[in-house]
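Below are the chains, spelled out letter by letter.
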Amino acid sequence: MMPAGSSRGGWVSVEVIESNADGVTVLEPRGRMDAVSSKPFGDRVVELIRAGSTRMLIDLKGIQYISSAGFRALLIAHKQSTDSQGRLVLCGLSAEVRRMFELGAFLDLFAICGTREEGIAKAKAK
Amino acid sequence: VSDELEFHLVNDLAAMAGVVEAVEGFVAEHRLPAEAANALYVCVDEAVSNAIAHGYPEGERGEIAVRLHRRADGVVLEIEDDGAPFDPLQAASPDLTLPLAARPIGGLGIHLIRSLMDEVSYARRDGRNVLKLTRKLATR
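The listed protein sequences correspond, in order, to chains P and R. No gaps in the numbering here: position 29 of the first sequence is 29 in my numbering, and each next residue is one more. No gaps in the numbering here: position 105 of the second sequence is 105 in my numbering, and each next residue is one more.
Calculated from the structure, these hints are not laboratory results. Ideal Cβ positions, reconstructed from N, Cα and C, are used throughout, including at glycine. Mixed in with the good hints there might be a few duds.
[Stated by the list, open to error] Heads up, incomplete: computed chain R residues facing chain P, CB under 8 Å, no partners named:
no. : residue
1   : 32
2   : 35
3   : 38
4   : 42
[To be verified] Under the rule of at most 20 Å between Cα atoms (straight-line distance), these lysine to aspartate or glutamate pairs were calculated in the EDC-like manner:
no. : chain 1 : residue 1 : chain 2 : residue 2
5   : P       : 39        : P       : 18
6   : P       : 61        : P       : 102
7   : R       : 136       : P       : 28
8   : P       : 61        : P       : 83
9   : P       : 79        : P       : 117
10  : P       : 79        : R       : 95
11  : P       : 124       : P       : 28
12  : P       : 39        : R       : 35
13  : P       : 126       : P       : 28
14  : P       : 79        : P       : 96
15  : R       : 132       : R       : 60
16  : P       : 61        : R       : 95
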């Protein structure tokens, strides 16, 4: 586990569980994707993609809520993935998180799957 | 159960954890529905981080107040800061039709606030910015 939202007070608003499934890097952030935690999370994603983890699934099931800062991090990750000829897939959106994607008109722009299994299959597809 | 919550924090992102916890407590006490709770969390994050980013010159200490008020027909969220005059509601709406690679992120926060809340208003009062956001709820 890697604390991604560590602040000066030692408080962590998101932690990320990293694993690998079938050649796909799976990230499971847990907590909030807010103004504090999103930047370190996005930095970690970009770092992993640059290091060669071009097939990536971000499972959002443990996310309590996402604000515009979270979308900023996801947009930066998407750009890095595209630049690296990679594939970035999202899954595990709760009803409320999904609603935020809808309000931001991001539902059709990101590759989004219902389950982790579908997400892994999509991320590794040619 | 109090219908009012008032929380003060300094203009530092590191101080936001406290206000989030306070809002979580208010949400639990009032058993607010998940949709309204999500709206409050996102709007607090957008409005407070906005005030911190736009209101103060580098190194200047400021104070931000976050108030929640449960009314019979909804919940009112007020964010007040002593930073430079700044009306976030003047921000242009983002173009949501652009492809992902061309999407600017600026303006998304205020777009989310407008979408999540039923009433939004800004006032400059006694040298402070006051953003008032209301989310309607079924009458209790």
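TODO: Against the earlier hints, flag every one the structure doesn't satisfy and list their numbers going up.
DONE: Going through the list in order, the structure violates hints 1, 7, 8, 9, 12, 13, 14, 15 and 16 and respects the others.
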